[in-house]
Amino acid sequence: MSELYRARNTTILEHARSYLVYHGRLTISAVTVYERSAGHARVRHERALRVLDRELRRWEVLPCDHAISRLAGELDGTLQSRGLGVGRADAMIAATAILQERTLITNNTRHFVRLAEVASELGHSLAVDNWLGA
Numbered sequence: 413m414s415e416l417y418r419a420r421n422t423t424i425l426e427h428a429r430s431y432l433v434y435h436g437r438l439t440i441s442a443v444t445v446y447e448r449s450a451g452h453a454r455v456r457h458e459r460a461l462r463v464l465d466r467e468l469r470r471w472e473v474l475p476c477d478h479a480i481s482r483l484a485g486e487l488d489g490t491l492q493s494r495g496l497g498v499g500r501a502d503a504m505i506a507a508t509a510i511l512q513e514r515t516l517i518t519n520n521t522r523h524f525v526r527l528a529e530v531a532s533e534l535g536h537s538l539a540v541d542n543w544l545g546a
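Heads up, my numbering is the position in the sequence shown plus 412, with the first residue counted as 1.
Just so you know, the hints here were simulated from the structure itself, not pulled from any lab data.
Backbone N, C-alpha and C define an ideal beta-carbon position, used for all residues, glycine too.
The reader is advised that the hints may include incorrect statements.
Now the in silico label distances, taken between C-beta atoms and shown as ranges [stated by the list, open to error]:
| no. | residue 1 | residue 2 | range |
| --- | --- | --- | --- |
| 1 | Thr-515 | Pro-475 | 37 to 43 Å |
| 2 | Glu-426 | Glu-513 | 20 to 26 Å |
| 3 | Asp-465 | Gln-492 | 15 to 21 Å |
| 4 | Arg-456 | Tyr-431 | 28 to 34 Å |
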């Protein structure tokens, strides 16, 4: 999401345009909204919060429910038991993508590849893509 707002990376913009042609709106997890809001509020960036509110009107926000929370707990707990915790928010975002059957777009592929591996062990599929190409 942050890379889209910077609008400097033509590769990301091309991917976003293609996504919009197919889906009509960009998609984001409610957990990502939480993370962005918390980050802006922590540094008291009121303008950024207003921009976020305005931009989110154009996005599809995928909510979290009990099924997502349940799967996220299993993903996170499994990784923690192996000493590979990735954080609750990332587990929630991954579970949202899995249960909504969406490809997860991130520059943080290290965490989400781990989550995809555990998801596969649990009988789920998580597709992860990095529009930066890194």
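(request) Can you let me know if the beta-carbon spacing of Arg-456 and Tyr-431 is within 28 to 34 Å? (result) holds, 32 Å
(request) Take a look at whether the Cβ-Cβ distance between Thr-515 and Pro-475 falls inside 37 to 43 Å. (result) violated, 18 Å
(message) Please check whether Asp-465 and Gln-492 have a Cβ separation lying inside 15 to 21 Å.
(response) Given a distance of about 34 Å, which is not inside 15 to 21 Å, the answer is violated.
(message) Holds or violated: the 20 to 26 Å window for the beta-carbon distance between Glu-426 and Glu-513?
(response) About 23 Å separates the Cβ atoms of Glu-426 and Glu-513, which means 20 to 26 Å holds.
Comparing the model with each earlier hint shows violations of hints 1 and 3; every other hint is respected.
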